[in-house]
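Q: For this one, chain A is given, so just place chains B, C and D on it according to the hints.
Protein chains in written order, with the numbering used here: chain A, 1202 to 1541; chain B, 1202 to 1541; chain C, 1202 to 1541; chain D, 1202 to 1541.
Errors might be hidden in some of the hints.
The list treats identical chains as one, so a pair stands whether inside a single copy or across any two.
Below, in silico cross-link-like pairs of lysine-lysine (PhoX-like), each with a Cα-Cα straight-line distance of 25 Å or less [to be verified]:
no., residue 1, residue 2
1, Lys1505, Lys1452
2, Lys1285, Lys1309
3, Lys1390, Lys1342
4, Lys1314, Lys1505
5, Lys1481, Lys1251
6, Lys1452, Lys1463
7, Lys1454, Lys1429
Simulated from the structure, these hints should not be mistaken for lab results.
4 protein chains.
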Amino acid sequence: MENVVIVGASGYTGRELVKILTRHSKVKISAIISNNNSGKFVWELYPDLKGLCDNLIFEKYDRMSLLSRGDIFFYALPHGISMKYIDDDFLNKKINIDLSADFRIKEKFIYEKWYKNVHIHSEYLEKAVFGQCEINRALIKNSKFIANPGCYATSMIVPLYPLMKENLIDLDYDIIIDSKSGVSGAGKKLDNMYLFNEQNENFLPYNPLGHRHIPEVVEFLKEKTDNKISLTFVPHLLPLTRGILSSIYIKLKEKISLDKIKEIYNQYYGNEFFIRLLDKLPSIKGVAYTNFCDIGFACNEDAKILVVFCAIDNLLKGASGQAVQNMNIILGFDEKEGLI
Amino acid sequence: MENVVIVGASGYTGRELVKILTRHSKVKISAIISNNNSGKFVWELYPDLKGLCDNLIFEKYDRMSLLSRGDIFFYALPHGISMKYIDDDFLNKKINIDLSADFRIKEKFIYEKWYKNVHIHSEYLEKAVFGQCEINRALIKNSKFIANPGCYATSMIVPLYPLMKENLIDLDYDIIIDSKSGVSGAGKKLDNMYLFNEQNENFLPYNPLGHRHIPEVVEFLKEKTDNKISLTFVPHLLPLTRGILSSIYIKLKEKISLDKIKEIYNQYYGNEFFIRLLDKLPSIKGVAYTNFCDIGFACNEDAKILVVFCAIDNLLKGASGQAVQNMNIILGFDEKEGLI
Amino acid sequence: MENVVIVGASGYTGRELVKILTRHSKVKISAIISNNNSGKFVWELYPDLKGLCDNLIFEKYDRMSLLSRGDIFFYALPHGISMKYIDDDFLNKKINIDLSADFRIKEKFIYEKWYKNVHIHSEYLEKAVFGQCEINRALIKNSKFIANPGCYATSMIVPLYPLMKENLIDLDYDIIIDSKSGVSGAGKKLDNMYLFNEQNENFLPYNPLGHRHIPEVVEFLKEKTDNKISLTFVPHLLPLTRGILSSIYIKLKEKISLDKIKEIYNQYYGNEFFIRLLDKLPSIKGVAYTNFCDIGFACNEDAKILVVFCAIDNLLKGASGQAVQNMNIILGFDEKEGLI
Amino acid sequence: MENVVIVGASGYTGRELVKILTRHSKVKISAIISNNNSGKFVWELYPDLKGLCDNLIFEKYDRMSLLSRGDIFFYALPHGISMKYIDDDFLNKKINIDLSADFRIKEKFIYEKWYKNVHIHSEYLEKAVFGQCEINRALIKNSKFIANPGCYATSMIVPLYPLMKENLIDLDYDIIIDSKSGVSGAGKKLDNMYLFNEQNENFLPYNPLGHRHIPEVVEFLKEKTDNKISLTFVPHLLPLTRGILSSIYIKLKEKISLDKIKEIYNQYYGNEFFIRLLDKLPSIKGVAYTNFCDIGFACNEDAKILVVFCAIDNLLKGASGQAVQNMNIILGFDEKEGLI
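Bound conformation, chain A alone (with noise of 0.2 Å):
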C-alpha cells in the first residue's frame, strides 16, 4: 500500500479526495493536512465520512515528518499557497499532484497576470505535466509532478483536442463557450453571493469574458495541437450542487457532416472508460457524483457550424476525480481504481 498525503482538506476537493483514497484499494491516507483543523478528527468537520476514516486527524504541515510518512502528496489548496510547498526534495523523491492552478501554465507572465500573484517557483514550471488524462498520458505516465486541470478547462479541453488536432476549425472566428457550473464550482466560501436564499431559483452568469481557465485551454491546446484559439468564454452559476455542462460553439473550416464529425471523436476517445461519446445529448444528471466526461453534439452543417456539448462532474472528472486517475496512471493501478 503506498501511502497518500492530503495537504489543504477543508475545502471540497480534499473531501473527494478523502471520499475517493478511503475507497482505492491499493493506497492509504498516511496524513491529512489542516493547520485550521489540526487536531480534528475528519469525520469531526465531515460527519458524513464518519465510520469510513475514523482514526485520521487533521495535522499541522510538518515538512520534515511528511516527507517520511508519505509517496504521493495531493495538493488541495487555494491558488498561490501550493507553489510554497513544492521544492527539490518533493519533485525528486515524490509523486506530487497539484490541484490548484499554481503550475498548470507554463508562462510565468500569463500565470501572474490572471491570477495576479508572483510564482515564486516558476523553475518547476516546465516539470509539472498538465494532468489531462486522456490527452496526456503518455507524459503523465513518467511524470512525478501534476498540474491538475481545472473543473472548466477540462469541460473545454476534451471536447476541442480532436478538432483542434484535425484542424477543423475556422481560427478567424472565436470559438464561444457558454458554461454553466454548480455551486461547489466555487468551493466553499463563506460569502453573501453563495447564500441558499441567494442561488436557489436562481440562474446567473459571472465574470464574463475573464475567468481564469482561458490561459490553461489555450495554452495547452496549442502545445498539443500547434493551434491557437481565441475563446469567448462566459461561465453561469446553476442551482444545483454538482456538474458542469458547457456548450461550445464552433466555425468549422469546411462542411463536415456530423457522422464524420462522431467518427473523429470516436478515434481519439472510442476505447477511453471515462469519456463516453453519446448518440444523445449529455446532462448533468449523467454524470454528477461520476468521473465520466459526456460528450454529444448538434451540427448545422449547411452554416458549418458545430455545438459540442460536454458534462462532469466538476468535483470528479474536474478535480479530485482526475487527480487520483493520473496518481493510477503514473503508478500503473488500473486507471478505475478508485472511482467506479
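A: Frame of chain A, contents of chains B, C and D only:
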C-alpha cells in the same frame, strides 16, 4: 369594467392570467373556458387561488354565449388550436390576444414548416400584430388582434433590436444564443422528462438549433429593422420553476465601447418601465414573479465581441404578463396595471 | 396618504415590507432606515426592486426628523434592538408595529430567559397588543402598538386556538408540533449552515425542544383561552426558500368526528379571507408568496388523535404580510389592501 | 463469483441494485429482467450506467432459463407482483431477496387489508425472514428468503427497537412519527403530483395515518420485543431526490437521562458499521448516497419526552443497499462489500 374571457385556462399561462386579472382594477374575468374541466371551480384545479376568484367556474366553449359576454379574449391554447377560435366576428368586434404561436409568423409556409401543421386561417395572418410591447407599441395600440410573442423570442428580440436597428452587427457571423429556461417553460406536460427526479439537480440542452421560436425572432426583427440575421439557438433546461436567461453572443461590425453600447440601449429603452438596463449582470432571481426584462452586458472591445444577457420570467414578460400589458396598451390603461 | 417609516430594512422582512408597501394604495414609504446602508438607493441593495421605488434612499436613524415624517413605524430589527427605538412619544403619537420578539411576551422574566437579554423597556410590555390579526382583531383595531407574531408561532396559534377555546384538547398530553421552514426563516445570516451547498438536497431538525417561539404561543393562547398547554416543538430546515408547514399532533379529550372538527373551525375562521380551511391537505406551494394561512386535517377518531396541518409563507403571513394586515386593521383600510 | 438475477429492474430500486452490484467484487449480474424493456441495453434506459455494464441486456422472464443461470434473485417489483415469482424451486434452491412488501407481514389478513390485494402465496409468509440486517442478522444468516423492509419502516424500526426491547416506552401514549421523504421514495411514477413544477419549492403531508408501512413496523417490533405499539404516522414529501428523515416522539415510562439513553443505544448499535449514533442531529445530506443510518436525540427529561431522529437514504439503507447487505450476510461476505 371590461369583461375578459380566458379561452383555455388549464395550463400555466392561463393560470397566470387568472392571477393577474383578479388583481387588475379595470377588468373582470367574465368567463373561463376549459373543455376538460368544465363545471369545476377554478380553485379546485388551482387551490392556491382559493379566496381570489371563488365564483369562477370553468365552462365549455360556447361561441354565441361568449360573444355576448366578453370584450377581451385571451387564447391560452396549444399551437394549432387557437386558430380554430378566430373568425371575423371576433376580429371585428372583440380584442383578441393569442398566446399561442398561431399568428406570430406572417409567412404561412414558414409557420407550417416549423409547426408541422396546416394553417386554416392564414388569411388572418396579416391582421395580427406581433405583441412585443416596447418595440411594437404604436401598432399594438391600434390593433384588436395580438399575436403574443414566445418566451424565448422575447428574451432575444428585446436585446437584439437596438443593435440591429443601429446596424451594429456583423451579419456575416451567426448570432449565438444560449438560452436557459425553468421547467415551467415546457408547460404542464405529463412526461417522464419533466418528473421531479429527472430535472432536480439536472441541467441539459434540448432541441438544439431547431427550436420553433427562431422564425418569429428572425421575421419580426427583419420587419422592424430591415436586417436579416442568422441565429444559432440552443435552449437548455434549468432545475428551477420560473425564468429564462439568454446569453447572446454578437460580432460587432466595428469597435464600439461598452459605454457607447449602453448609451444606445438607453435611447431605446431608457424610459421603459418594464425594461431595466443594469450596470451589473442580470439574474433570474431578479425578475422571477415580475414582468420585468433585465438586460446586462459584457464586451471584448478589441475582438468586437459583445455579449448581451437578458432575463425574464417566462410566464410573465414571456407570456401572460406581456399579454396583459398588450391589453393595457390597447385599452389605454396604465401599462403597469395588474403587473406590479 | 399616510406616511410609513421602515426602521431596519436590510433583512428579508424589511424587504418584503418595501415590496408590499410600494403596491399599497393608501400609504407611502416616507423613510427607510438602515444604518449600515445609509446613502444607498434601495435598488442597489435589492436590484429586483428597481423601478418600484427608485427614489427611496436608506437613511441613518434620526429620531427628530422621523417623528415629523412618519405616521406608521414598522420595526424590522433583530430581537433586542427594536426595544431601543420605542419611547412615549412614539407610543402616544405614532402607530408602531414591531416585527421583532421584543414585545410579544408580557412576562419580563420569561422574555429575558428565552432571549438571554435584559429588557430595557418592560414598562411597555403591557401596552403592546399581540398582532395575530384574526384572533386579536378587536384589540388590534384600537391599539397603536403591535407586537407582530413570530412565523412559527403564527403557524401554531391559528390552528390551536379553536380547539383550546372549545376545550377539546386533553391537556395531560403534550401537543407535538413538528414544523418545517424554508431557509429564509433564518433571516439573512452569513453562516456556513446557510450556504447553498449545505442546505440544497438537505433536510434536518435544529434547536429541538428549545425554540424561542414557544413562550409567545403558550402565553397568548393562555390569555385568550384560559388553557395552558405544554408544547413539544421541533423545527426543521427545508431545502426551499419560502414557507412553513407545521404538523400538529393533538390528543382530544373525547371522541369527536372530523366533520364536527371542521364545523368548529368553520365557526371561527369561515369568514376570514386569509385563513383557508381545506378539504385536502395544505402545501407550502399553495401559500408561498401569499398572505394566506391554509389549514387541513387528519383524524384517528377512535384513538382520539387529531393532526392539524398549517401552511403559511413565513415572510408574509409569518411576518411582513401580517404586519401590514395589522396596519390595515388599525387604519380601517380593507384588510387585503397591498396583500393580494 | 455468484450469479445474481434482478427481476424487475426498470424502477429506482432496480437501478440502484445494478449500480451497487456492478461494483461488488464477489457477485456478478447474470440476468436482468424487465418485460417492458426486453432487448434493450441497460445503458439505453439508464445512460449514466454506460461504461459500467455495457453487455447487460434486459430480458423477458423465463423461469427455466433463470433457474439455471442465477444463484441469488432480487425481486424489485411492485407489491402484488413479487409473490407471483416465488415457488418451491426458488425457495429451496436459490437465495431470494424480495424488495416489495409481499412477504413482510406474516398475517395474511393484515397484508390483504393494507394492500387491498389477495395473497396468492400466504403459505410462504412464515418462511420469509424480515430483512432488517442489524436486528435480525442471526435469522437472516440462515435464511434463503428475505422480505426486505420498507424505507419508512427502516427509519422507524431501527430507532424504536432498543427502547422497546428495554421496556422504556409508555405504551399508553401513541408514538408520533413525523417522516419526510425525498421524491424518489414514490418510485418512478408518471403522475402529475411528481412533476418538477409540483414538487420543486413545495412540501406537503400525504396519506396521513394510513401509510402501508405501519403494519410491518408494528408486527416486526412486536415479534422481537413482545411490546405492541400504537403508531401515529404521517409521511411528508420533501423537495429533494433522495433521503428520509423521521422525527419520532416518544413518551418514556419514567425519567431517564439523555446520557443513559445514548448508553443504551450504544449497547445495541455501538458496533454496527452502518448505524451511526451521533452527538449532533442527523441530516439527510449526511446519509444521501450511502447505506448509513444516522440517529440523534433530543430529550425533555422532566416531561419524559424523548425525540429520536433517524436519517437514511431511502434507496440504499431503505431499499437496495439493505437488500445487498442482506445478501452479504447470507453469503458470509464482508457486510460492507459493494456498499461503501
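Q: Run every hint past the structure and note whether it holds.
A: Quick rundown of the hints versus the structure:
1. Lys1505 to Lys1452: both (6 Å within a copy, 17 Å between copies)
2. Lys1285 to Lys1309: within (15 Å within a copy, 57 Å between copies)
3. Lys1390 to Lys1342: neither (34 Å within a copy, 48 Å between copies)
4. Lys1314 to Lys1505: between (35 Å within a copy, 22 Å between copies)
5. Lys1481 to Lys1251: between (39 Å within a copy, 13 Å between copies)
6. Lys1452 to Lys1463: Close inside one copy (16 Å), not across copies (29 Å); limit 25 Å.
7. Lys1454 to Lys1429: Result: close both inside a copy and across copies, 15 Å intra and 23 Å inter.
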